[in-house]
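The chain contents come next:
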Amino acid sequence: MIITAQKPLDEILDFLSPYDSILIAGCDGCTQPPRGLREAKTLVQLLELGGKLRGKNLNLRATTLPKQCDSYLTLTALQSQIQGIQAILSLACGLGVQTITQVLPDCPAFPSQNTLFMGSEIREDNTLEERCAACGDCMLAITGGICPVARCAKSLLNGPCGGSQHGKCEIDPGKDCAWDLIIKRLERLGRLAALQEIRTPRNFGQVVRPGKITE
Amino acid sequence: MLLEIEKCQVCAICYSSCPAKAIDIIYYDMHSLTRYLENAKEEYKSDSLAIMCKGSAPDFQDVGKLFGVSKFIPLSVPCVGRIPPELLLKAVSLLGMKNIYVLACDEDYCRFERGSAITGRRVTALNVFLEELGYARELIKLKRNSLKVKADRSKCITCGNCVFYCPYDAAKLEQGAASFDLELCRGCGLCVTLCPAFALDLEHWEQERISTLISESPKEKGKASILVLRCQWSVFPGLDEEFDSNVRVIDGPCAGRVDPLHIVEALQNGMDGIMIAACPQEDCRSKTGSKEAQRSITALKKTLSQIGLEERLHFCSVAPRYPEAFREELNQFKVRIENACSEEARQ
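Residue numbers (our numbering), protein chains in the order written: chain A, 1456 to 1670; chain B, -3 to 343.
I should point out that these hints are in silico values taken from the structure, not numbers from a laboratory.
All of these numbers come straight from a predicted model, not from anything done at the bench.
Check each hint, because a few of them may be wrong.
Heads up, simulated BS3-like pairs for lysine-lysine below, C-alpha to C-alpha not over 30 Å straight-line [stated by the list, open to error]: (1) A:Lys1462 to B:Lys151; (2) A:Lys1522 to B:Lys151; (3) A:Lys1511 to B:Lys151; (4) B:Lys41 to B:Lys144; (5) B:Lys17 to B:Lys61; (6) B:Lys37 to A:Lys1511; (7) B:Lys151 to A:Lys1630; (8) B:Lys137 to A:Lys1511; (9) B:Lys287 to A:Lys1511; (10) B:Lys287 to A:Lys1630; (11) B:Lys67 to B:Lys94; (12) B:Lys168 to A:Lys1522; (13) B:Lys41 to B:Lys3.
Okay, the calculated bits of chain B under chain A, using three or more residues with CB under 8 Å as the criterion [to be verified]: (14) -3 to 3; (15) 114 to 126; (16) 188 to 195.
Beta carbons are placed, not taken as given, at the ideal position from N, Cα and C, and that holds for glycine.
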């Protein structure tokens, strides 16, 4: 799912400063931590508090949308709620903000979140970890189910590099070396021989940014 | 006898069971209980007594409904297992009680393991004894009640928080929505606090009910107002517990039910300081409630620091075995908030 972190309240209050009536829209889709109605209501209270301290009374309303990255669902859910609304503050990832921008071209939409990465939720450790880079040329079949593109700081396809120290990455010793994990995993599966083949650079043509496909 | 105070949970079952009356306890001792009943008899003008464990219901509405009575002397205690049988006899023989209603938690859910079961046995024995003495049959009536989660499956967004965080494995995702095994649910409310979609609620501790209680908190002009959200197992209030007029205390089923949304609502409603009293993590009656509460309050404090309000929120761990701890925390916090408010007023 898409991992986001809330922006500092001051930053949000700054870009909302020209507006008085704002709809705060949560997203019940995949964002983690969940950014649904509870988060939207909490943000209403926090921004009203912050606004008061700046001497401004904000008129904020909370709602939540099933999936902000869906243009049809977002338009139909928002249409009935935007009377008298001057701006929308989205709790979704960057996709949500841009979907709103697309379906409501006259209503300014702002992000309350910084969108960080696509991550797995490791509940037991209380962490959210980037594990897929959406590179368009998936090599998990060869690397024992562990992605070096997303999880190696250098995105090496033939690792590890000389900076792998006791299973940790030289860039950030707090993180596992992806190639150390790959080798241990392949060893465990008895497939270490798969690494004898040198992998050529991945096919960057698979996804030409910005990515777009037609369903 | 040696008492290891660090282990004591102040359930008082030892006190209510000791045949030699060698153990006394500061909360709800025989003398205070008797005095309370004597005064309450005058005040309530009733010959019915209702004793309720705090864990089985937050107020006496349920007692009335479950037993079908409207007028009674209320006595709310943390676990009915602490009530010595002598008190019940005294209530009948000296105070002339005609009915005694006892509402305990379901045996399996007793926060003190055996308190509810022991009470069941005591009530059976006392009823036999009283009947032999010529009193009405089944003069003491016992019922059991436990609070449970309520799930609105249509609101569920399948985030899985309840499944992961439920300390009792009562939640699972089934056919696209959370569903609960109510036999396993112990009503701690942690899942309710962590549900991002308001799909869950807790009997008697509903989101709305707590919001209303908070909005009714007293606010006096020129006086700092303090809200305390407290786990009902972290502090055992005396029978005559009183607070200053600017302090509002709301007991909840567990610190895990302390909702960051309620805290910001309270601040937004003009409360000047919010204090959260939780049990020490190792004493938590809902396994992980206190730990999770501390985590979410710490996160909220961080957010509040962005608008300079972090000092308005205070989290503390207190245990009934140290009866002064709560008051000390509250007094210190109150002074801090009062100073902050008068500082603000000066500016």
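Hint by hint, here is what the structure shows:
1. A:Lys1462 to B:Lys151: This hinted pair holds, its Cα atoms lying about 27 Å apart.
2. A:Lys1522 to B:Lys151: Measuring from Cα to Cα gives roughly 14 Å; hence the hint holds.
3. A:Lys1511 to B:Lys151: Roughly 34 Å separates the two Cα atoms, so the pair is violated.
4. B:Lys41 to B:Lys144: violated (33 Å)
5. B:Lys17 to B:Lys61: violated (36 Å)
6. B:Lys37 to A:Lys1511: violated (54 Å)
7. B:Lys151 to A:Lys1630: This hinted pair is violated, its Cα atoms lying about 37 Å apart.
8. B:Lys137 to A:Lys1511: violated (58 Å)
9. B:Lys287 to A:Lys1511: violated (36 Å)
10. B:Lys287 to A:Lys1630: Status holds; Cα separation ~25 Å.
11. B:Lys67 to B:Lys94: Distance of about 12 Å is within 30 Å: holds.
12. B:Lys168 to A:Lys1522: holds (23 Å)
13. B:Lys41 to B:Lys3: violated (41 Å)
14. -3 to 3: Violated - the stretch -3 to 3 of chain B has 0 residues with a Cβ nearer than 8 Å to chain A, which falls short of three.
15. 114 to 126: It is violated: at least three residues are needed, and the stretch 114 to 126 of chain B offers just 0 whose Cβ sits closer than 8 Å to chain A.
16. 188 to 195: With 4 residues close enough to chain A, the hint holds.
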